[in-house]
Every structure is written in C-alpha cells, then in structure tokens.
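So you can see what is in the structure, the chains are spelled out below.
There are 4 protein chains.
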Amino acid sequence: MELKNIKKIGVLTSGGDSPGMNAAIRAAVRAGFYYNLEMYGIYRGYEGMIQNDIKKLHSGDIAHVLERGGTFLKSARSADFRTTEGRQKAYNNLKSHGIDALIVIGGDGSLTGAHLFYKEFGIPAVGLPGTIDNDLSGTDATIGFDTACNTAIQAIDKIRDTATSHDRLFFVEVMGRDAGFIAINAGIGSAAAAILIPEKKMAIEELVEKLRIRTKAKKASNIVIVAEGGKSGGAAEIAEKVKKHLPYYDIKVTILGHLQRGGAPSSYDRLLASKLGVSAVEGLLQGKYDVMAGLINHKVVYTPIKRAIVDDKEVDEDDFRVAKILST
Amino acid sequence: MELKNIKKIGVLTSGGDSPGMNAAIRAAVRAGFYYNLEMYGIYRGYEGMIQNDIKKLHSGDIAHVLERGGTFLKSARSADFRTTEGRQKAYNNLKSHGIDALIVIGGDGSLTGAHLFYKEFGIPAVGLPGTIDNDLSGTDATIGFDTACNTAIQAIDKIRDTATSHDRLFFVEVMGRDAGFIAINAGIGSAAAAILIPEKKMAIEELVEKLRIRTKAKKASNIVIVAEGGKSGGAAEIAEKVKKHLPYYDIKVTILGHLQRGGAPSSYDRLLASKLGVSAVEGLLQGKYDVMAGLINHKVVYTPIKRAIVDDKEVDEDDFRVAKILST
Amino acid sequence: MELKNIKKIGVLTSGGDSPGMNAAIRAAVRAGFYYNLEMYGIYRGYEGMIQNDIKKLHSGDIAHVLERGGTFLKSARSADFRTTEGRQKAYNNLKSHGIDALIVIGGDGSLTGAHLFYKEFGIPAVGLPGTIDNDLSGTDATIGFDTACNTAIQAIDKIRDTATSHDRLFFVEVMGRDAGFIAINAGIGSAAAAILIPEKKMAIEELVEKLRIRTKAKKASNIVIVAEGGKSGGAAEIAEKVKKHLPYYDIKVTILGHLQRGGAPSSYDRLLASKLGVSAVEGLLQGKYDVMAGLINHKVVYTPIKRAIVDDKEVDEDDFRVAKILST
Amino acid sequence: MELKNIKKIGVLTSGGDSPGMNAAIRAAVRAGFYYNLEMYGIYRGYEGMIQNDIKKLHSGDIAHVLERGGTFLKSARSADFRTTEGRQKAYNNLKSHGIDALIVIGGDGSLTGAHLFYKEFGIPAVGLPGTIDNDLSGTDATIGFDTACNTAIQAIDKIRDTATSHDRLFFVEVMGRDAGFIAINAGIGSAAAAILIPEKKMAIEELVEKLRIRTKAKKASNIVIVAEGGKSGGAAEIAEKVKKHLPYYDIKVTILGHLQRGGAPSSYDRLLASKLGVSAVEGLLQGKYDVMAGLINHKVVYTPIKRAIVDDKEVDEDDFRVAKILST
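For the record, the sequence lines run as chains A, B, C and D. Here the first sequence is numbered in my numbering, starting from 1 and rising by one per residue. Here the second sequence is numbered in my numbering, starting from 1 and rising by one per residue. Here the third sequence is numbered in my numbering, starting from 1 and rising by one per residue. Here the fourth sequence is numbered in my numbering, starting from 1 and rising by one per residue.
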C-alpha cells in the first residue's frame, strides 16, 4: 500500500455508543497533536459527515472526556450514507476541510462504512472496535465491553440482595445483541444458576431440571442470566415458560437495558481505548489503511476490516465449561 | 399503657426488602445486648413466626451485616398470618421461646400485622419503617428510600450518556408503588424533562408540548421519569402514546426494576436505620407499644402504627414546583 | 429592606469545592432564566471578580453539570479581596457588567465575603451553604456533606474487607475541619469501634480500654474513625499513641483525604442544591438580601449570613449516644 | 510426576488480601464438590495450618462470598512457618485431617511457602496468584489487580474534580509494592501528567519541566501518579521536592492506601478467580504439582512456582510509551 502524506485526520463515532469511546477519541486526538497533525471531529457519525458537521478539534475539546461515558462527538444512524449520493456528499465535505484520513470508532456497521469509503474514495481509514457487545474479531475485547460487564454484575449484585431475602428466582436480561459475551461474564461473575446465550441452546426442560436440583440443595435463591439475542426469547419469555413448570416459584424478571451502555469506563477500557486511539494515528502514519486496530494478548494488532467484522468470534468454550461446573 | 417486663425481644423483617434493613436489625440487636436483653431472630417474617423459624441471635450473627443490602432474616409473604389460626400458632411459638415483645421492620402491611398482633395478644411491638417507597407517615424518610434514590440517579446518569450521545428521548420507570417520592427525587436529581407521578396528573398532550418546546430549545436529549404506579400506565405505555405524537423522535424505555431494592445502604440509611434500631428497643423498654419509630427533623418520634400507615404522606409541593422551574 | 429592581445576577463559588456546587449553579441559572433574568458566571470566586473573569451564562453552559463534582465556575483563594482596594475593583467590575445581585456558594469564609460586600456596596446577595463540612447554621445539611459521608463509608467498606481478613485495627481519618459531622456519620455507618471528633474529648486510655474489651469479645478487626481537626492529633498520631499501649496489634492508618471532596453528588445533595439554587434567585427577587438560604426540616429558610456563619452548629447528642451503644 | 490419589484438598489464603480471593476459594471448593472431593478451609494462612485452625467446608460456607472483597478464610503472617518445627507441625495437622493436597492463594511469599512444603513433605500444591500488585509471572494478571486499578481510577476521578476546580497539582500515591503496574494503569486511566514507577527513573528536574510546559499550555490542573515503591520516595517526598521548584503551585498529596485492597471484585477478577479456582483443582487431579495456575491470553497455564515468583514481570514498554504520548 502506498504511504500517503497525511496531515489532517477526521475522527467519528458511529453506531451504539459504548463507554471508552471518549477515551479513544481523546487518545487519537492527543496522538495526532503529538505527531503534529490537525485533528477534526466529525459529529454524529456518517450523518454529520454528510451534513458537514465537522469541526477542528483543540486541546480544550478533549479535556475531561476520558472518564465520561458516551461520545462527545455523538452518534447517529445515517440512511443517506447507504446511498452513493450520500457518500459522495460526505467525501466532498471531507475534501473541503482537507481531511486526508479517517478514524472510525464503532461496531461492525460503522467499520463497514469505513471500509466502503476507503474502497470508493481511497480515504485511508483505521477502525477501532467500539461496542459493548465484544462481537468483533481482531481484538481480545472491544472498547466498552469490560465496563458493560462491570455494570451488569454491579446491578446483579443488588438484585441478588432481594433474591436472597425472598428466596426468589430472578431472570436478568443483559445486552450483547446476538453474542453471549456479556452474559457469560456476568453469569460467572454473579454465581448464576444458569446462563442462556444465543450460541448455546438450552431446552427449557433442562433449565427447569437444573433449577429443581438446586432448590433441593437448598439454593433457594437463584439468578438466571439471559442474553438478549437468544432464539428462545428474552428473559420475560423464558421466565414465562419456566413459570409453567415451576408454578410455586416466586419468579421476577429484570431487563438491565440501556444502563449497560453508559457510565464511566473501567480501568481496562480506559487503557484499551487509550492504546488503540494512539495506534489508530500511528497506523495511519505507517500506511495501515482499511484495518481495525485491536489488542491481542496485550499487543496492538491491525486486522483488515473485512476480516474483523466477520462475525466468527466465539464465546470461550472453557468459560462455558467453568460456568457449568460452578453452577452445579 | 402498663409497662411490661421485657426480657426477650423478637425481630423480624417483612414485605419487600429494602437497603438498611440489616443495619436496623443489627442496631436493634446490639441495643438489646446493651440493655441486657435476649434477642431472637424470626426468619422469613410472619411466615417464619408461624413455622417457628426462630433463633436466638448472638453477636456473630450481626457482624458485617450493616453494610449489606437485603435482610439476613429474610422476608416472605404469609397467607396464614391473615387467619386467626395462623396468628394463634405464631403467638404460641413466640411464647414457647419466651419472647415478650416484637420489633417489626417493613412497610404498611408488615406494620399492620404488628398492630393486629398487639391488639389480639397484647404483645408489645414497635414497628420500623422499612420500605424504599417512603409511603409511611411518622418519619421524614423510610429506611431504604435514600439508597433507592441514589441507585436510581446513578443508573439514570449512565442512561443519560447514551441519551446525549444519540439525541434520544428516554422514558425511565422507577419504583415507588403508588407514591411518587423516588420519581420526584430521581427526576430533580437527573435533570429530567418531566416527572410523571401518581399524585399529579399530566395529560399526554401537555407532556408532548413540553418535549416539543425543549427540542426547539436544542435540548435534544431528554429523560422522562415515570413512577411505576401511575394511572396513565408505566413508562412503556406512556412512551407508546408519546411516540404517536412525536413519530420522528428516537424513543427508548428502561424499567429500572428490582435493582432499586438492593445494594449497600447509603450513609443516610445507615444512620437512620441505626438510630431507629436503637429506638425500637428503647421504646419497648419505655412502654411505647403499638407504635412506629421514625425520625422527624432528626429527632426520634413514636407514632401510633394506625396513624403511620394511613397513606396520607404527600410529595412535597415545593419539590414539585422546583422540578417544574428546572425543567422549563 | 427596600426591594431592588434586579435584572442581572452574578453567581460564584468560593472556598473548598464540594459535590453539588454545580447542581446549585445550574439551578440558580435555570431559575434566573425562568424569571427572565440575565445570569453571569464569575469564575474563580472573588479573585475572578477582581480580575473581571466574568461571563454571561447561556443554557448550554449548564447542560450536563448537575451530576458532576467540583465547580465549573472554579474556585480560588483571594488575598486581594481582603483589601478595600480589591473589593472596590471587584465592585467596579460587577457594575461594568450591570450585575445587580450576587449568589455566593461556599463555606463561612465565602459567605462572609458576600456579607461584607453587601455592607460596603449594597449589592444584594444570597449565600448558599457549599461545603462538605456541614459546619454552617441555618440548614440541616450543607451542599456536599451527604456525598462526602457516602464517599467516606464506601471507602471504609473497602478498608473493612482488609481489616477483617487480617484481624487488623485501622485508624481512618476523615475530613470535616473542626467539625465532627462526617466522622460521626461515617462512624455509625461503618460500625466503628470508636469515633474521635473535635467536639468530644476521649482520652487515649479510654480508647485503648475500649479496644481491649472488644478484642476480648472476639471483635478482632476494628475501625476507629478520627476527624481531621481533633486536638489530640490526626489518625497517625492517635494510632502512634495507641500502638504504645497495644504493641501486639496490627495497626494501620488511612487518611481518606481529598477524594471526599469530589465525585458525583448524591441524590440528597442534588435535591438540596437544586432547591437552594432556585431559592437563591427567588430570595433575591423577594428582597431577601444578606442571607443564606438553607433547608430546615425540608423547608427553605433564609438566615442572616452573620448568624449562619456563627460556628454553633453541634453534632447531634443523640447520634453520639447511639454511636456509643452500637460500639459497646 | 507420579499421580497421587487426592481425596481431600485444603485451601488457604496468605499474605495481603486482594479482591477476588473469595471468588477463587469458592470456585475451588465448588469444583472440588463437582469432582467429589472433600474440601477444607485452612484459616489464617500458614499460621492457621500450624495452629490447626482447619475446618471442613460445606456448600453454605461459600454462598454469597464471590462478590465480597477480602478473604473469609482470613490471612495472617506466620513467623513459625519459617521454621522447620513450624512446618512439621503444620504437616502433622494436615495429615490428622487426611488432607492430601493444597491450594494456596497469595503473592510470592505465599507461593514460596507452598513450594517449600511440597519439597519437604511432598504435599501436592497448586498456587493461585492472589495479589493486587500483579508482580507474578505466569499470568497476564493477578487476582485483585484489575479491581485495584478500578478502585484507584475511581478515587482519582473524584480527586480530579477538586484539582480542576482549584487548578491544583495533586500527587496521588498508589499501591503496587516495587511494581508499577497499578500506577501505569491508573496513570493512563486518569490522564495523568506524569507517572512515577519504580522501574523507570525520572529526575525531579524532568518532572518539573514537564509540569511547567503543561501549565503554559493552560493545563492548569494536573495529577501525578506515584507508585509506592519508588526509590525517589513516595508521593509526599516527591511533592516536597517539586514544591521547591514550583513554589507558586497549589500542591496537594493523597495516599490512596488500603482502600485499594478491598471492595467487591471487578468482573474481570471474578472471571479470572473463578477460572483459576477450578483450574487449581483440575491441576491437582491431573498431577500438576508445585505450579501456579495463571491465565495467559485467556488460556489457563500452569507455571512452576519457582519460575512464577521470579520477579521478572515487566511493565509493558508500549504502555509506558503511550502514557508519554498522551501526557505530552
């Protein structure tokens, strides 16, 4: 790949927000300054690129954002970016600012956008994995995943107080789209009786049997973690079905919902986002285009975006095995 | 009222658990020891009283419980306690342990039980207000209310990150049964655009108009707090109705749910529970029976249970007025 | 007092920062807009007033500050404001902006400044109690006090894990200047073995005896809370002295320090700050000058500044008595 | 190595406690039950082994401990275990209970004990890395390290509120003994102006120069992270030296201290401890003796204890480089 002369980099966040996005933006911008580049904020993702909502960033813009959830560059869906006209308009806007390269922080849809844009207009782009779902290959963890897991277990710790006080059975639904990463982490971390994830089918009968055995063993209070994207339905549906088999159980459902997306990023996410933010700039300067920067075994790795977004990252089998042993 | 010679006191928690119940139990037990009394734990509320699930408590039983949510004495519903036979059986069990008096920690239903029991069997009882709903008269705040408000605002702080990042409108449902106390506190504390509580009707049209005006003033992200017990429905129903008037809004709903009941009690709840736990024992020793101990203006006050459970505690009008000014 | 025609109000924070100051500023500014006033931010307290660091505030300036610790208007010491020349310069700056009235948020020193300024130049001023120390009369609690207590108990909860695991004796020093409010709250809230506050002397011998008795009762791990301003010294000095009497104890010292001043305000502090911020503006419009707005028994009360800063607010005797019972 | 027939396993925690130790104990005990073993708790580490403070563990003993900081098995120093007589006595006690193997959770000193004991008496032992310091080889992270980093950044987030409000320079001392892992994580995670760790020397003049440059760039508030074990002294000494060069700076010092050791374990530490607890039992059953179980790149790895305790784990050079870029 030919090394382009990059002077001005645009940064955007796109898709669902995740804790640590601000830390990643800040790191990228600060690294840009370190390498004497001009850095531009593209607000509201690709939509803002089309609407020319682009501003040059200064040191003050990124002060005190590292520790805040969400993204100060905002995020939005963009139907227009899916059209050739929309992307052309976006490209023209970038050119009008003299922006030579892009850093795109988001999930698979966001990175696909960066890839497309590179293919069509040759704009060098590095993607960063910004999603709580952890469903991107090319990195041990996505930015926001660790925070979401912590938010989930802290909420479940509170719910357990009530479960235990009332000998109740709680079905707690966690996020993760069609991936069970948050569920398995939260499940092991909260001593769950069972963990239902999209990747592994569990028949209602098996779950019911498991709960029955635990109750006999005097484990009267139980938490069952349900990942949102399972084919058997969410926590409410599963609870409904279990209720039919265990009518005397005091069953409650809590859907953790959007609070899992926010909050101050965890220590790990701050480190991850900071390293990747710097790596995005350095990658661009080294001619690494159309790639996603990730951290594998504590080392920065650049993976072609097309490969990173292939949804083949799998829940660790050993995690799942350990969860089973611990809930027996 | 004749002063009885009290040597053994039974303590129970009943109804929905609330953070600080453990702190109240601990304070009562420790105060009992201070006054050379024997203290008994009645497990699982009135149900345990009927089933004789009663144990003498020692110093070790109450170590390291102050800071934990829930209630280590557990709580349960008891259909049997509503029958004369059930209560007679419960009374017999108390007598078999030589228990002379009761401390009952819970909401209005729980205190009603204590009142009934006193009327029927003459067992001196002091109630403590243990509920997150704050719907008991005779105390500025109930045990657990402050913690629940803190849990709510911390969750909403996280949700706001996402709301702001996406210019979204979030309807967040908080607990409180048919009282709006948590909602009004959480609403003011989270800069809510509107607060819907059971005590104050707000037409959908008025809410929609309010949201429209705010959007024009560029307050694109908005949080609307909905108390669970309102007649217009919960957060999901209200959101549905608003959606019809504001179809272009990006609207999301989160129901905070049971996590509001758990967690380590706040500083205020620890102090409140500790003072009331001691006051329960001292009240019994001073011949204050059939009363609820509460804290009014930082002073312990004993209110007849019958009066405390009359549901006439009202949301502060000035809080409501302030909420309006701040959301305009 | 003659009712002045107030159109423009300046707001400043001064002295040590406290959580909730931002919420108070926001409430005052928003209330000002509600009453069609112009609101000005005076940055870095009285020092900024002298240096004309004054800016008109807009709606955007106070977005998303409610939930943040510290003060976005900043705070600073000002030696110059103690001189007549300094105050004259400050007054001239106010006049140059057309500012008619002041809202001053801070501790006793800050409120004294407002009082002086009113006396000398007739500028109507309302003070708000902004300090974690709770050492102002005329209000049940100062803004930031509840948050500081919560921060303290959460930190001590962590320390207790270690104390218990090692059967250690920890001396934990909390803030509060020469007032024991944080100490007594944190002490009751953390099941402390003893609480040393400036207002109550406790001989080392008495403390040592207390710890000896507890150790015999198998309460091997102990937390002793020491308020920073005591005459017998801080936690380190007390620990040193105790060590001489109990050489075999495993004694550690932790000084919580400045983390007690920061952090997102608690639910109570958000409500308190919000109500007082509105009340400051309304007080000025109603001709209440040279007063501090406080909350007593959940009602807004205006107290002459001179009276509010008289340091006669006392630790509740009953709190202290309860602490003794619970640590016996 | 000959595969022994293991029926009864003793578990102990030793050295400084760390968050996640309870989760590791629970996982080991639960895995033991899964493999039909008897599990014994050895209280207060090697000291309890010598004093025969050993109890058979049941399911109830490990309920609701996963989420708690500290170690319910307690920890203690043992001078006697350093003597041959002490270890002989300890061995005899193990034999009297029929304990065939050991799981030792702690830092290098604790693991050394297990190694010695295996050498002398042939007792199969698996060690688990339980320390917040992260100074053990053979694992990406030690149990408790991630939680300690999170505790540190959350405390520093609060301190930053005050630093920013007052344009102050804070020196914050974090734990880590002679390793800079917590410092570097907390430093990057809190946007520190500088990070002083034992592994990297930084002259006071260099630090002063760095702070001067930042101040000129209007970065008036600054956090400097100091690891406790540095040769130039702790935060107080460094601050003192800097003060001489920058007399007009408003400098404060906070030593985070023991609160870094406690608290509910983070999601990562719960997962790590759970996996390693299970691996310890499975390792013993597979004949892996005298090893430490660790997690490297999300895979369980058994490393000879002698190699794990060699203090050659180094702070990631790239982390350090990134920290420099971000603080420039």
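Do not take every clue at face value.
A pair holds if it fits inside one copy or across any two, identical chains being indistinguishable in the list.
Unchecked claim - Calculated lysine to aspartate or glutamate pairs in the EDC-like style (CA-CA distance at most 20 Å, straight line): (1) Lys299 to Asp140; (2) Lys306 to Asp319; (3) Lys210 to Glu38; (4) Lys299 to Asp319; (5) Lys324 to Glu282; (6) Lys244 to Glu2; (7) Lys313 to Glu205; (8) Lys216 to Asp53; (9) Lys241 to Glu205; (10) Lys216 to Asp61; (11) Lys218 to Asp53; (12) Lys119 to Asp316; (13) Lys119 to Asp318; (14) Lys324 to Glu67; (15) Lys306 to Glu38; (16) Lys4 to Asp157; (17) Lys56 to Asp140; (18) Lys313 to Glu85; (19) Lys243 to Glu67; (20) Lys218 to Asp61.
Rather than coming from a laboratory, the hints here were simulated on the basis of the structure.
How the hints compare with the structure:
Within a single copy, Lys299 and Asp140 get their C-alpha atoms as close as 10 Å, and across copies as close as 12 Å, so both meet the 20 Å cut-off. For the identical chains of this complex, Lys306 and Asp319 are neighbours neither inside a copy (27 Å) nor across copies (28 Å), given an alpha-carbon limit of 20 Å. In this assembly of identical chains, the alpha carbons of Lys210 and Glu38 never lie at most 20 Å apart, being 59 Å within a copy and 23 Å across copies at closest. In this homomeric assembly, Lys299 and Asp319 come within 20 Å of each other (Cα to Cα) only across copies, at 10 Å, whereas the closest approach inside a single copy is 22 Å.
In this homomeric assembly, Lys324 and Glu282 come within 20 Å of each other (Cα to Cα) only across copies, at 14 Å, whereas the closest approach inside a single copy is 43 Å. In this assembly of identical chains, Lys244 and Glu2 lie within 20 Å of each other by CA distance neither inside one copy nor across copies; the values are 64 Å within and 52 Å between. In the homo-oligomer, the alpha carbons of Lys313 and Glu205 never lie at most 20 Å apart, since the shortest distance is 29 Å inside one protomer and 47 Å across protomers. Taking the closest pair of Cα atoms, Lys216 and Asp53 come within 20 Å of each other only across two copies (19 Å); inside a single copy the shortest separation is 61 Å, beyond that limit.
With identical chains, the CA atoms of Lys241 and Glu205 are at most 20 Å apart within one copy only, with a shortest distance of 10 Å there and 39 Å across copies. Taking CA atoms no more than 20 Å apart as the test, Lys216 paired with Asp61 passes between copies only; the shortest distance there is 17 Å, against 58 Å inside one copy. Taking the closest pair of Cα atoms, Lys218 and Asp53 come within 20 Å of each other only across two copies (16 Å); inside a single copy the shortest separation is 60 Å, beyond that limit. For the homomeric pair Lys119 and Asp316, neither the shortest alpha-carbon distance inside one copy (34 Å) nor that between copies (36 Å) is at most 20 Å.
Taking the shortest alpha-carbon separations for Lys119 and Asp318, neither the intra-copy value of 39 Å nor the inter-copy value of 31 Å comes in at or below 20 Å. In this assembly of identical chains, Lys324 and Glu67 lie within 20 Å of each other by CA distance solely across copies; the values are 18 Å between and 36 Å within a copy. Proximity of Lys306 to Glu38 under the C-alpha cut-off of 20 Å is found in neither arrangement, the shortest distances being 28 Å within a copy and 51 Å between copies. In this assembly of identical chains, the alpha carbons of Lys4 and Asp157 never lie at most 20 Å apart, being 51 Å within a copy and 39 Å across copies at closest.
In this assembly of identical chains, the alpha carbons of Lys56 and Asp140 never lie at most 20 Å apart, being 32 Å within a copy and 39 Å across copies at closest. Proximity of Lys313 and Glu85 under a CA criterion of 20 Å is satisfied in neither setting, with 34 Å inside one chain copy and 54 Å between copies. With identical chains, the CA atoms of Lys243 and Glu67 are never at most 20 Å apart, being 42 Å at best within one copy and 28 Å at best between copies. Taking identical chains as interchangeable, the C-alpha atoms of Lys218 and Asp61 lie at most 20 Å apart only when they sit on different chains, with a minimum of 13 Å there against 56 Å within one chain.
In this structure, the earlier hints numbered 2, 3, 6, 7, 12, 13, 15, 16, 17, 18, 19 are contradicted, and the remaining ones agree with it.
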